[in-house]
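Asker: Sequence:
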Amino acid sequence: MVSKEDRKSRKFGVLVLSKIADRAKTLLDEAVTLVVTRIGAEALPSRAEVAAARCVVLACLPALVLVPLTLSFFQGVAVALPLGVAIVAGLFLIAIVAALWLARLSGRQPVIRHSLDTSASIDLSLFPGMVFTLDAQARVETVGGRDARDFLPFLRNPLGRPFIDQVHVTDRIAFVRAFDALRQGEDVGRVQLRLARPTGHPEGVKGETGEGQYSDTASDEAADGTLMAVGLDMAVRRDERGGIAGIFVQMLDCREQQQMAQRLVKLDADLQTANEAKSRFLAAVSHELRTPLNAILGFSDILMGDYFGRMEDERHREYVRLIRQSGGHLLSVVNTMLDMCRIEAGRYELLVEPFCISQTIHDCENMLALQAQEKGVKLTSRIGRDVSELTADPRAVRQILINLVGNAIKFTQPGGVVTVDAARFGKDLVISVSDTGIGIAQDRILLLGQPFVQVDSDYNRKFDGVGLGLSLVKGLVALHGGTFLLTSRVGEGTVVSITLPIDGSGIARVQSTGESRQIEFPPRLPVSERQPAREKLDGPMGENLADDRVGLAQSLRQHQMDEVSFEEGAEQTHERQGSGQPGQRMGQQKDVNDDAKAKIA
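Numbering (the UniProt record's numbering), first residue to last: 1 to 601.
Careful: at least some of the hints might be erroneous.
[Said to hold, decoys possible] What follows is a list of derived Cβ distance ranges for each label pair:
hint, residue 1, residue 2, range
1, Val-85, Ile-164, 52 to 60 Å
2, Arg-190, Gln-75, 53 to 61 Å
3, Gln-442, Phe-308, 50 to 58 Å
4, Leu-17, Gly-90, 26 to 34 Å
[Claimed, not checked] DSS-like cross-link-like pairs, simulated, lysine-lysine; straight-line CA separation at most 27 Å:
hint, residue 1, residue 2
5, Lys-375, Lys-410
6, Lys-11, Lys-25
7, Lys-278, Lys-266
8, Lys-19, Lys-8
9, Lys-8, Lys-25
10, Lys-378, Lys-427
Calculated directly from the structure, the hints in this document are not laboratory data.
This one's a predicted model, so the numbers in the text were calculated from it and none came from an experiment.
No residue lacks a Cβ here, since even glycine has one placed at the ideal position from N, Cα and C.
Could you put together the complete structure from these sequences and hints?
Answerer: Listed below in structure tokens is the structure:
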């Protein structure tokens with residue numbers, strides 16, 4: 001049994017040893033702080049650095065005994081003792097340097113930490129913005145700074161008051177969180193908040209000398225409104241126990257940055273609105289243009305077909321041909337604009353099915369052969385033997401090829417060559433259209449593919465077009481999950497390559513909006529504008545048309561239209577679709593122009 005006196009003596013011994021250990025720890029920490037400060041005069045050691053150095057010293061103390069004792073078994077005492085001390089000293093230096101380096105990596109305290117220890121000697125007027133110090137309860141102790149007069153109109157006599165009282169109500173939680181992080185052990189902190197300008201006249205702030213630091217008239221000039229956005233940079237000075245002895249705070253005006261951010265947000269919203277308005281405008285204008293174009297093209301074909309007798313004057317025939325050619329060109333531009341609007345709005349639907357890509361390439365080659373022949377350009381194609389089926393939208397792929405090959409022919413001088421290559425690489429199909437044309441400068445390549453952008457955009461440019469072809473190609477390729485690549489050299493030619501997944505796995509399908517997907521017919525012309533055409537059809541011209549329905553049907557079949565009137569085409573097409581008769585499939589834009597037409601039954 002242990003007596004009561006023995007227990008008391010043991011407690012006393014433990015207490016004495018703990019006091020000795022605490023004193024030794026304090027002396028060791030002071031020595032480490034002194035040494036580290038001498039080594040790196042620009043910074044005071046942090047608690048982590050002191051703790052790391054303390055651990056190294058404590059680990060080296062038993063090593064001073066164990067290492068020489070171990071060496072004495074192999075060497076004499078005269079050799080083992082100095083050699084062991086030298087080894088321990090070398091390891092100590094290496095360990096202390098490594099420990100301090102690792103500790104400083106985690107968070108190094110700047111010069112301001114040393115300055116806070118001698119805060120009485122700090123000249124606060126040297127710091128930009130407003131500078132002040134806080135105590136452990138976040139009360140303002142001193143105020144200064146080079147631009148302090150600009151901030152004082154938004155403060156309520158801050159000296160001796162909690163700084164949180166100066167903060168706008170909605171931002172006080174952010175300040176509390178930042179201050180709490182400093183209490184939890186963080187050495188630096190940063191927070192952005194707003195100061196609310198007090199109503200009435202400011203009370204004024206007095207410095208240590210008792211003199212006012214600003215006047216109402218001078219400070220009012222810096223006020224932009226009732227709120228002031230500021231940024232606070234905080235650095236902590238701690239006492240021996242690790243508690244907060246003081247906080248150095250630098251406050252900078254952030255109103256310009258905030259206003260710039262707000263302008264950027266507003267500008268982005270305006271750009272989005274303008275882009276949406278542009279898309280709606282293009283869609284509306286395209287529909288309005290396509291309605292009269294149907295009549296222009298139809299009557300032009302009737303005149304060119306000599307259904308009412310041959311025109312004797314060749315000039316008249318040439319004029320009609322120019323009308324038909326110009327109308328067809330305008331219709332292609334309108335259709336391209338409609339496609340671009342659908343792609344931008346995410347409403348372009350792909351009708352995916354497997355088809356023979358080689359046959360599609362040959363069809364496009366035959367379609368554009370006459371255009372190439374008239375310009376004196378040789379058009380060829382090279383298709384790999386392993387190229388067979390492609391799962392994609394046939395109409396979209398055909399439109400991609402027509403645009404790329406048409407551009408290549410347009411920008412190639414007579415005597416040049418345009419080549420279409422198709423090859424399979426793994427699970428992808430690569431189609432390349434190369435030409436020996438004028439080429440594109442490197443600084444203009446990045447601009448291509450944007451709507452209404454052309455290489456030669458001057459008013460006297462040599463080549464026609466509105467700059468929508470490549471933009472449409474890039475949009476259609478992206479819908480298939482493919483890639484688009486363009487390389488070119490001025491005077492040598494251009495190569496445009498597209499890559500499409502053969503199995504159609506990369507196709508980005510448009511999500512259903514939940515609305516009925518019916519064909520969008522162009523808006524009809526107002527009655528006042530339709531009357532002249534109706535009078536023509538109700539008169540002798542209409543009788544002749546009725547007598548020559550075969551010729552009219554042939555002309556309409558060229559445009560993939562039914563033998564119905566322009567006004568009743570939409571209604572009859574809906575009736576046909578409702579009865580299950582052949583016609584255009586609902587909700588699938590097989591062709592841009594097919595939105596206003598139905599296939600012949």
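Asker: Any hints this thing doesn't respect? Which numbers, in order?
Answerer: Those not satisfied come down to hint 10.
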